[in-house]
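J.: Okay, here's what each chain looks like letter by letter:
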Amino acid sequence: QKEVEQDPGPLSVPEGAIVSLNCTYSNSAFQYFMWYRQYSRKGPELLMYTYSSGNKEDGRFTAQVDKSSKYISLFIRDSQPSDSATYLCAMSLPKTSYDKVIFGPGTSLSVIP
Amino acid sequence: DTAVSQTPKYLVTQMGNDKSIKCEQNLGHDTMYWYKQDSKKFLKIMFSYNNKELIINETVPNRFSPKSPDKAHLNLHINSLELGDSAVYFCASSHLWATGELFFGEGSRLTVL
Chain A
6 QKEVEQDPGP LSVPEGAIVS LNCTYSNSAF QYFMWYRQYS RKGPELLMYT
56 YSSGNKEDGR FTAQVDKSSK YISLFIRDSQ PSDSATYLCA MSLPKTSYDK
106 VIFGPGTSLS VIP
Chain B
681 DTAVSQTPKY LVTQMGNDKS IKCEQNLGHD TMYWYKQDSK KFLKIMFSYN
731 NKELIINETV PNRFSPKSPD KAHLNLHINS LELGDSAVYF CASSHLWATG
781 ELFFGEGSRL TVL
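Residue numbers (this note's numbering), protein chains in the order written: chain A, 6 to 118; chain B, 681 to 793.
Here chain A stands alone, though its shape is the one from the complex (with noise of 0.2 angstroms):
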């Protein structure tokens, strides 16, 4: 089992939609949950990010974290063209441990105008 999975996509939604992007991991240790975006030919720019359970809202974007069910959650309402990219869910381990962020393999998004 690979240590963070998500669904690779492509999804593809009408502008407007709400979207979700999920992620689940195996190793019960990580305590710091991100989400990062990246737009195409562009490195990886950090949208989210939260190390509790629950819900974390910034404008039209919510993380939602479950520990108990190792899971997390992107969700986008009010979806619009410049959403259009990879979202790559990333966790890491507690500040005990050097920073070695694991990715998962992340979620192509098309919204269509």
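Warning: the hint list may mix true and false statements.
Covered stretches of chain A, as calculated for chain B (at least 3 residues, CB under 8 angstroms) [stated by the list, open to error]:
{"no.": "1", "region": "21-29"}
{"no.": "2", "region": "47-60"}
{"no.": "3", "region": "89-96"}
Since the hints were derived computationally from the structure, they do not count as laboratory data.
Predicted model, so just to flag it, every value in this text is computed and none were measured.
Built from N, CA and C at the ideal position, the CB exists for glycine as well.
Got chain A; can you put chain B on it based on the hints?
T.: Positioned in the frame of chain A, the structure of chain B alone reads:
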């Protein structure tokens, strides 16, 4: 001002050649990384340096040799290039103990013919 910059952006070379990629960050971070992203977009850590000291060294062929002359610079030298080395190589930086908040460069796309 580019925060994490890599050069060159594109390399096309023959099998067996040696090539180098350079990275510089002006964010004042003390930790830098090399990540490899394959054709399926899977992003995998290769090396990490903290203040010129190697702290993460994943299972990478010893044809790959990182070097950090100071905490703002990290280079990657690859000897005897093979077809399987074709990928996008990303440099990233963070504060130590930043637990997942990575800042990526735009990537160096290596094609080995």
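J.: Confirm or reject each hint.
T.: Each hint, compared with the structure:
For the region 21-29 of chain A, the stated coverage by chain B is not satisfied: 0 residues place a CB nearer than 8 angstroms to a CB of that chain, which falls below the threshold of 3. With 7 residues bearing a CB less than 8 angstroms from a CB of chain B, the region 47-60 of chain A meets the requirement of three and the coverage assertion stands. Taking a C-beta to C-beta cut-off of 8 angstroms, the region 89-96 of chain A contributes 4 residues in contact with chain B, enough for the three needed, and the coverage statement holds.
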